[in-house]
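Peer 1: For reference, the chains in residue letters:
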Amino acid sequence: MEKKSAFGQMSRRQFGKLAGATAAGSMLPAYALRALAAETADQIIPGKSAEMIIHNAKLGVMETPLTLLRQYAHTPKEILFCRFHYPHEGNAGWYASLNAPKREDWTLEIDGLVARPRIVKLADIEKMDMVKRVSVIQCAGNGRSFYAAKQKVGGGQWKNGGMGNVVWEGVPLRHFLDEQKVLPAASVKWLTAEGWDQPATPEGSDFSKSYHIEDGALDNAILAVKMNGEPIPAAHGGPLRLIIPGYYGNMNVKILTKLMFMDQQSPSVFQSMGYRFPLRPVEPGQFKANDYTLENSRPTYAHQIKSVIFSPLPEDKPGSGGVEITGVAFNDGTAPITSVQVSADGGQSWQAATIKPAESPWAWYHWSVRASLKPGQNTLMSLATDALGRSQPVDGLTRWNPRGYEWNGADRVLINV
Amino acid sequence: MTRVGFVLFIAAVAAVLSLPARAADRIELPEGPNRDLVYAKCRTCHDLQYVKESAGITADNWQALIEDMGQYGLRIPDDERKKIVQYLVTYLGPNPPKAAAPSGAPSPAVDGEAMYERQCSACHQAHGGGLPGAFPPLAGNHDLYRDRMFPVYVLLNGLEGAIMVKGASYNGVMPPFDHLSNAEVAAVIGYVRAAWNNAELRPSDFVDVDEKAVAQARSKPMHPAQVHAYRAAHPAAR
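So the sequences go chain by chain: L and X.
Numbering that gives the first Met the number 0 puts the first residue of the first sequence at 0, with every later residue one more than the last.
Numbering that gives the first Met the number 0 puts the first residue of the second sequence at 0, with every later residue one more than the last.
The hints are simulated quantities; they were obtained by calculation from the structure and are not laboratory data.
Don't be surprised by glycine CBs; every beta carbon is placed ideally from N, CA and C.
Heads up, a few of these hints could be off.
Residues from chain L that face chain X, not an exhaustive set, calculated with beta carbons under 10 Å [stated by the list, open to error]: (1) 58; (2) 200; (3) 202; (4) 281; (5) 283; (6) 319; (7) 353; (8) 357.
The following residues of chain L were derived to be distant from chain X, with all beta-carbon distances above 12 Å [stated by the list, open to error]: (9) 50; (10) 60; (11) 89; (12) 91; (13) 112; (14) 155; (15) 217; (16) 279; (17) 287; (18) 290; (19) 388.
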């Protein structure tokens, strides 16, 4: 324990032992205790599970271990992944919370190329008719770490836990916008959404997202005020969040303050450079992180079809013989998931899993299948297909991209028996 | 340890554990030339876990990533950008060398002005002007003379909590700069206390901090919120 660097590699369990030792009188410098004590998510966003995997404490970026995620039909706020782009400190400290923000004065501004700009009170939105959307919300970077098998991509090294299955409630977006009678100009091609959050420095690009005004996904979008039956926690975008079911997390703008009708998409770097996917397959070294243009790439809009194995995980330490392999599958909600093929031998043989009906087109489907594990290493794989014939690539590395988005390769879990 | 000492120690441990944590500010990167620039320039917007998690990416990718950061607000001279890239490519690239042991050689005389430019100007800006709403100015900032040790505590431990500076409120989080040596901390504080007409704020009987004073402060770590409380307990002389 004499070296400061040793503390960083200690698990929380080891810390518990250490804290016990400290109580017995060993001299541990206060800074070491502080550094250790701070590693859990509940101290970054009070109420978050201490088991969360932290990717950036200053920004409150964290993902859910699958051992927790699989326990719930609807992912509770205590374990739902979280991603913000700016420090939630100081004046922005209020949204590092799982409580619903008390912002009775919150308004939504509707502006841009419109004849009649409006400012609508949240209190008035809350009185409008609400609809429910059960939808997977997933970080576009979910699974980024798996691209490292081809070439490692910079940024948070997400595994599969940057996703959750969540019940949202709110006001249908299209109907709401029609009712406001803002009279958009004929030249309008884009709807841009902006949130309250601001960059750490005035030179930083603000976060905003633009959607084609005719995008069919907006037909299902809502101005959400509730998550899992209660007002949306600040950390998850309350008091008001744009939810576009079936779209990657970054498209679901948090702490929403502004909607703009525009003839061009937002110049925000988060629209023009970040969160984009190349239109054609690219190789490491040939297409770099700053080679994205509006012409050669698209924003990370709709979820790629995906399946994730929930059980067994290596942590379950299953024995040899019969085992139930379970998991979830989802896509962008435009067609039902029709098949999940599962392999217990690294893809040599496949069998069809039984799929339970999903709660909504955008929710995840649960699937399960019986298989057998042999002594030694077993490679479990899952591969979903939908009614449009869209399927996951068996080798997700074929979709390698320099910013590491939209991982949807066949899931692989290695189990040693 | 005496029984009373033991009780006090446990009480101190409990006090530290009950405070909101700032472990993110303590993420360490491998020792190497210009590591201090990464500490100084990157933590304005995010903690260093992103840097650490990205370890192993190619030189090209580090280059692109740092260029990209310009769009997210990184404003640094070209030579500093090159040094940062060089450090990252070398020590956090695909084939990093074994960590260099700290040389242990006595550090050369420290230039406080150069230290300010290198370590402080990313947030507090050239000439100590600060950025309204984000980073308080150091020029004309009475906190510099609030107490002999206060700026030392801020540098070594960081500062967290709302403050008023020159009539404007700030509520950011300053990370600790404890990667600086005692001599560097003393030199940069000496520079800032004299620069930009700050010497005019100086009380007549004021004693500058030296390496020894910094070393003493370093041996008693504080939580950034405790530094904030210390500030409140030491009203600025006007």
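Peer 1: Evaluate each hint against the coordinates.
Peer 2: Hints versus structure:
no., hint, result
1, 58, "holds (6 Å)"
2, 200, "holds (4 Å)"
3, 202, "holds (4 Å)"
4, 281, "violated (13 Å)"
5, 283, "holds (8 Å)"
6, 319, "violated (35 Å)"
7, 353, "violated (37 Å)"
8, 357, "violated (33 Å)"
9, 50, "holds (16 Å)"
10, 60, "violated (8 Å)"
11, 89, "violated (4 Å)"
12, 91, "violated (9 Å)"
13, 112, "holds (26 Å)"
14, 155, "violated (6 Å)"
15, 217, "holds (27 Å)"
16, 279, "holds (19 Å)"
17, 287, "violated (5 Å)"
18, 290, "violated (8 Å)"
19, 388, "holds (35 Å)"
Of the hints listed earlier, those the structure fails to meet are numbers 4, 6, 7, 8, 10, 11, 12, 14, 17, 18, in rising order.
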